[in-house]
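A.B. asks: Now for the letters of each chain:
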Amino acid sequence: MSQKIRQYVHQLLSEGKIKAFLGLREENGHIMPHLFCEPQELEQISLGDRKEPGDARYPLNQLLIRLAREHPDDTFAVLTRGCDERGLKELFKWNQLNEERVVPVGVGCPDDLARACECEKPFPDCLIDGPQGQKADSEKVARIDGMDLEGRLKFWMGEFDRCIKCFGCRNVCPMCFCNECSIEEESLVGKGEIPPDNPTFHLIRAVHMVGRCIDCGLCEEACPADIPLRTLYKKVADIVSEELGYRTGYSIEEKSPFNIIGG
Amino acid sequence: MEFKAVLTTCPYCGCGCGMLLQVLDGKLVAVLPSKTAPVNQGKLCVKGWTVHEFVTSPKRLTTPLVRKDGTLRESSWDEALDMAAMRLREIKKEEGPDSIAIFASAKCTNEENYLLQKFCRVAIGTNNIDHCARL
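Those protein sequence lines, which keep their order, are chains A and B. Per the working numbering, residue 1 is the first one in the first sequence, and the count goes up by one each step. Per the working numbering, residue 1 is the first one in the second sequence, and the count goes up by one each step.
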C-alpha cells in the first residue's frame, strides 16, 4: 500500500515543494517516527502496520508542532490518517500549525482498523492511498449507556482507580499543546497520590479535550492500566455534538464552542 | 535541520521498556514509548515519560563532590577515588568488612553491576550488596 505514498512524497521532495516528510520508518522490526529529508530514504517508509493494521501509530502531529515551532518558514508533509486530518483541521484553528506550511499525505484505514477504532471517518479528504472506508458504529459507548446510573458510576470508578498517574494519556496526545496543564494543577489534583482524585482527575481531562479530541485512540493505547479512555472521550464528544452541535475536526472554518469561550 | 527518533532502553529500572528519544537539531526534546518494543508495547510509567529531562537538568552532577570541612566541594576524579579508597580501607580495618554496604543501580549495565558485587564480596569481603530496582 505504501508505493503510491512513496511516489507522491518522492515527487513533493524532488520538486522542492516540501522541506521534509514526517512519517514512519521501519528498521530491524521496529517502527518509529522519521523525518524524511532525501528521496532515497523513502525505501524505509512504513504506514505503522506491524502485526495488525495501525498497531504502530505515533502522534506525528505532535512532532510536527515541535518541528514547525523551530522551523516556521519551512513546509512539511505529514502522514495523515482520518483522525490525523481531523487533528490538523483543529490545530490550524487553534493556531498551533500554519495551514500553508503543511501538506497532508492521506492514507485510508482498512475496515478492521476502522471497526477496532469505531471510527466516524476512517479516511482523510486528502486521500492518496488506502480505502475510503465506512463509518463504524460505536458499540462501546452504547454498552455503557445501557447501564443504570449507579452501574455506570461503579464501572468508571473501577476503571479510573487503576490509574497510576503516568500522564501518558496527556503526553502522547497530539492535541495537547497547553503550556500549563490542568491535571498538574495542585489546586485541582493533589500531588503524590495514586490513584489520583477520581473521578475528578479523568473528568478534568475529558472536559478539557472537548473540541480538541479527534478520537485517534493513542491515549488508550498508551495507558498502562488499560483504562478505556477512548470510550470516555467518545461519550463526551457525543454530548457536545448533541448539545452544542459541534463535531471536532470536520470543519476548517467553524471553531469549537470551547475555543470561543476560552478566547 | 535534523529530527531523529533514537530507539533505546529506559535507564530507570530493570523492566527495560523500549523508548524513542526525540532529538531535534541535536537537542534531546522528548520521549515516546516504542510501540514495537515487546516489553512495554507502547506504554511507559511516569519516570519513563520524563526520562529526557534529567539529561539536561542543571541539577545534574557534572564532577565528583568531596566533603571537606563539612561542605561538599567539586573535585577531580583522581582526588575523589583516592579519598573513597582510603576511607573504605580505614573503615574496613577499624570496623570490619560488614560495616560497609554497597548500593548498586538499575542505571548501570549488567556488567557494571557484576563488577560492583565482585568488588563488594572479594575486595571488601562482605555480602552487604543491594540495588535500587526491587520490582
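The set of hints was computed from the structure by calculation and includes no laboratory data. Some hints could be false.
Here are the simulated distance ranges between beta carbons [to be verified]:
#  : chain 1 : residue 1 : chain 2 : residue 2 : range
1  : B       : L61       : A       : K135      : 42 to 48 Å
2  : A       : C126      : B       : A80       : 34 to 40 Å
3  : A       : G245      : B       : L61       : 40 to 46 Å
4  : B       : L61       : A       : P72       : 33 to 39 Å
5  : A       : D197      : B       : C13       : 48 to 54 Å
6  : B       : W77       : A       : E193      : 26 to 32 Å
7  : B       : C13       : A       : A116      : 39 to 45 Å
8  : B       : D78       : A       : E185      : 47 to 53 Å
9  : A       : D145      : B       : L115      : 42 to 48 Å
10 : A       : L188      : B       : P58       : 25 to 31 Å
11 : B       : L65       : A       : E70       : 20 to 26 Å
Residues of chain A placed beyond 10 Å of chain B at every Cβ, according to the derived structure [what the hints assert, rightly or not]:
#  : residue
12 : K19
13 : H34
14 : L67
15 : H71
16 : T75
17 : E100
18 : A142
19 : C223
20 : P224
What you are looking at is a predicted structure, and each value in this text was computed from that prediction instead of being measured. Built from N, CA and C at the ideal position, the CB exists for glycine as well.
A.B. asks: Does each hint hold? Answer for all of them.
C.D. replies: Outcome of the hint check:
1. L61/B / K135/A: 42 to 48 Å: violated (56 Å)
2. C126/A / A80/B: 34 to 40 Å: At 59 Å between Cβs, range violated.
3. G245/A / L61/B: 40 to 46 Å: violated (57 Å)
4. L61/B / P72/A: 33 to 39 Å: Holds: the Cβ-Cβ distance is about 37 Å, inside 33 to 39 Å.
5. D197/A / C13/B: 48 to 54 Å: violated (27 Å)
6. W77/B / E193/A: 26 to 32 Å: At 41 Å between Cβs, range violated.
7. C13/B / A116/A: 39 to 45 Å: Since the Cβ atoms of C13/B and A116/A sit about 31 Å apart, the hinted range of 39 to 45 Å is violated.
8. D78/B / E185/A: 47 to 53 Å: Roughly 48 Å apart at Cβ, these two residues keep to the hinted range, so it holds.
9. D145/A / L115/B: 42 to 48 Å: Violated - the Cβ-Cβ distance for D145/A and L115/B, about 60 Å, lies outside 42 to 48 Å.
10. L188/A / P58/B: 25 to 31 Å: Distance hint for L188/A, P58/B holds at roughly 28 Å.
11. L65/B / E70/A: 20 to 26 Å: violated (36 Å)
12. K19: violated (7 Å)
13. H34: violated (6 Å)
14. L67: At roughly 6 Å from the nearest Cβ of chain B, L67/A sits no farther out than 10 Å, so the non-interface label is violated.
15. H71: violated (6 Å)
16. T75: holds (12 Å)
17. E100: Consistent with the label, E100/A stays out of reach of chain B, its closest Cβ about 18 Å off (over 10 Å).
18. A142: holds (27 Å)
19. C223: Given a closest Cβ separation of 7 Å, the condition is violated.
20. P224: violated (4 Å)
Checked against the numbered hints listed earlier, the structure breaks hints 1, 2, 3, 5, 6, 7, 9, 11, 12, 13, 14, 15, 19 and 20; every other hint is satisfied.
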